[in-house]
Structure formats: structure tokens, C-alpha cells
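Student: These protein sequence lines are chains P and A, in that order.
Per our numbering, residue 1 is the first one in the first sequence, and the count goes up by one each step.
Per our numbering, residue 1 is the first one in the second sequence, and the count goes up by one each step.
Source of the hints: derived by calculation from the structure; they are not laboratory data.
Be aware that one or more of the hints could be misleading.
[Claimed, not checked] Label pairs and their calculated CB-CB ranges:
| id | chain 1 | residue 1 | chain 2 | residue 2 | range |
| --- | --- | --- | --- | --- | --- |
| 1 | A | S12 | P | S111 | 25 to 31 Å |
| 2 | A | R60 | P | Q55 | 39 to 45 Å |
| 3 | P | Q13 | A | S109 | 29 to 35 Å |
| 4 | P | Q2 | A | G95 | 19 to 25 Å |
| 5 | P | A39 | A | K111 | 25 to 31 Å |
| 6 | A | L11 | P | V12 | 28 to 34 Å |
| 7 | A | P8 | P | P69 | 47 to 53 Å |
| 8 | A | G9 | P | L82 | 38 to 44 Å |
| 9 | P | S1 | A | E15 | 28 to 34 Å |
| 10 | A | E57 | P | Q70 | 27 to 33 Å |
[Said to hold, decoys possible] Which chain P residues stay away from chain A? Per the calculated CB distances, all over 10 Å, these:
| id | residue |
| --- | --- |
| 11 | G41 |
| 12 | R42 |
| 13 | L46 |
Where a beta carbon is used, it is the ideal one built from N, C-alpha and C, also for glycine.
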Amino acid sequence: SQTIHQWPATLVQPVGSPLSLECTVEGTSNPNLYWYRQAAGRGLQLLFYSVGIGQISSEVPQNLSASRPQDRQFILSSKKLLLSDSGFYLCAWRGTASNQPQHFGDGTRLSIL
Amino acid sequence: QKEVEQDPGPLSVPEGAIVSLNCTYSNSAFQYFMWYRQYSRKGPELLMYTYSSGNKEDGRFTAQVDKSSKYISLFIRDSQPSDSATYLCAMSRIGSQGNLIFGKGTKLSVKP
Numbered sequence: 001s002q003t004i005h006q007w008p009a010t011l012v013q014p015v016g017s018p019l020s021l022e023c024t025v026e027g028t029s030n031p032n033l034y035w036y037r038q039a040a041g042r043g044l045q046l047l048f049y050s051v052g053i054g055q056i057s058s059e060v061p062q063n064l065s066a067s068r069p070q071d072r073q074f075i076l077s078s079k080k081l082l083l084s085d086s087g088f089y090l091c092a093w094r095g096t097a098s099n100q101p102q103h104f105g106d107g108t109r110l111s112i113l
Numbered sequence: 001q002k003e004v005e006q007d008p009g010p011l012s013v014p015e016g017a018i019v020s021l022n023c024t025y026s027n028s029a030f031q032y033f034m035w036y037r038q039y040s041r042k043g044p045e046l047l048m049y050t051y052s053s054g055n056k057e058d059g060r061f062t063a064q065v066d067k068s069s070k071y072i073s074l075f076i077r078d079s080q081p082s083d084s085a086t087y088l089c090a091m092s093r094i095g096s097q098g099n100l101i102f103g104k105g106t107k108l109s110v111k112p
């Protein structure tokens, strides 16, 4: 069966520091991968998605970037964090066959001080 | 008008009640409809996934889609305290790389 891992679960970072969040998927090949941010009362916002290694699509301009160095690895990064980057970051995957739903990891709660 | 509208609640019901959760949408291109359950400090968990208009049942959960009215529902029968969570509706278009549009979620509390 397929599983998705995200780490760390919680992170506290100072303003201006760099960020690297990692997501890996097991039990599937060539998944579509997604990064979301969830802010209280504002729902899930799609940040990036990837249909293959090195292929990244950005949904909103922001202080963040994403990379996919391996088939089942998706990384969310920032060079200098802003206070507004605080939030709950979720990674998700789906199979490439049509009609497949997305499956989520347990997220990283990021607090910027 | 937002693409997907969902009443945020909160909704509080006694144990054993039937719960009805709803979303409306404006884009007639949406073809796939999902309900996710999210416990506090956890990722969303897929509950139901439907494609066409009509009903789909899984245990105590029934998902209903009415494309003519652009309205989807999730019914929970015999609700339990363990059903207390935020419920998110989501939908996508054909050919959208599976990109989902989410409602903001309804927070449900089932009281013993």
C-alpha cells in the first residue's frame, strides 16, 4: 500500500532563516505531488504541484519554492522566511491514472518568530 | 462568487444524530467530488470520492451529488464522538492534473 511521509511535524523558525520541508511517498511510481498551505479559516491553498522529476508548477507567487529531485521526493524551500509564511503545510500525492483522488500527509506546523 | 462555498459551522449535534454537510459550487466543469475528514493537527483523510450525480454509500457515510443544482452533500448516520472533526469538500475538472478546489471546511462536534 502507498504511504506518504512529511517531516518535521512541527518547526519554529526565526524570521529571515531558510526553510526546507521534505515529503516522500512509498509504494507508487511517478505520482503527481502537491504542496498546500492551510491557514485558519482560509481553507487549503495549493502552492505547487509536480507531474514528474524536475517539473514544478507554481500556483501563487510567494516567498517559497519547490523541487522534485527524485520521483517520490518533494521539497518545499525558502531562502528567507517571512512572518506571513507561518501556517500548516501539507503534502499530497495522487496516481497518474485519470480520476484518482489526492492523499495527504500529516503536515508540518510552521511557526515564524 | 467563490468557486466552492461551504458553511464553516461550527455544527454541534448529539451522539446518534444524522448529520448533513453541504457544499455548493459555481463551475459546471467540475466532474469529480470528494469529501475529506481532518482531525485537529492532522492531514485530511479521504472519506468519499464520486464522479457522477447520485448517491454513494460507505458504511455510515453517504455522499450525494446533484450536478444540475451544483450541490453536493455528505450524510453521516448514527454519528459518533469520533466523527468530531472538520469536513472538507473538494472538487476537480477533467484534465486539471487532479488539482483540487476545496471548500473552507465545516467543523463538526458530536456530543456524547
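Student: A separate judgement is required for each hint: does it hold in the structure or not?
Tutor: Evaluation of the provided hints:
no. : hint                         : result
1   : A:S12 <-> P:S111: 25 to 31 Å : holds (29 Å)
2   : A:R60 <-> P:Q55: 39 to 45 Å  : holds (40 Å)
3   : P:Q13 <-> A:S109: 29 to 35 Å : holds (33 Å)
4   : P:Q2 <-> A:G95: 19 to 25 Å   : holds (23 Å)
5   : P:A39 <-> A:K111: 25 to 31 Å : holds (28 Å)
6   : A:L11 <-> P:V12: 28 to 34 Å  : holds (33 Å)
7   : A:P8 <-> P:P69: 47 to 53 Å   : violated (38 Å)
8   : A:G9 <-> P:L82: 38 to 44 Å   : violated (31 Å)
9   : P:S1 <-> A:E15: 28 to 34 Å   : holds (32 Å)
10  : A:E57 <-> P:Q70: 27 to 33 Å  : violated (39 Å)
11  : G41                          : violated (7 Å)
12  : R42                          : violated (7 Å)
13  : L46                          : violated (6 Å)
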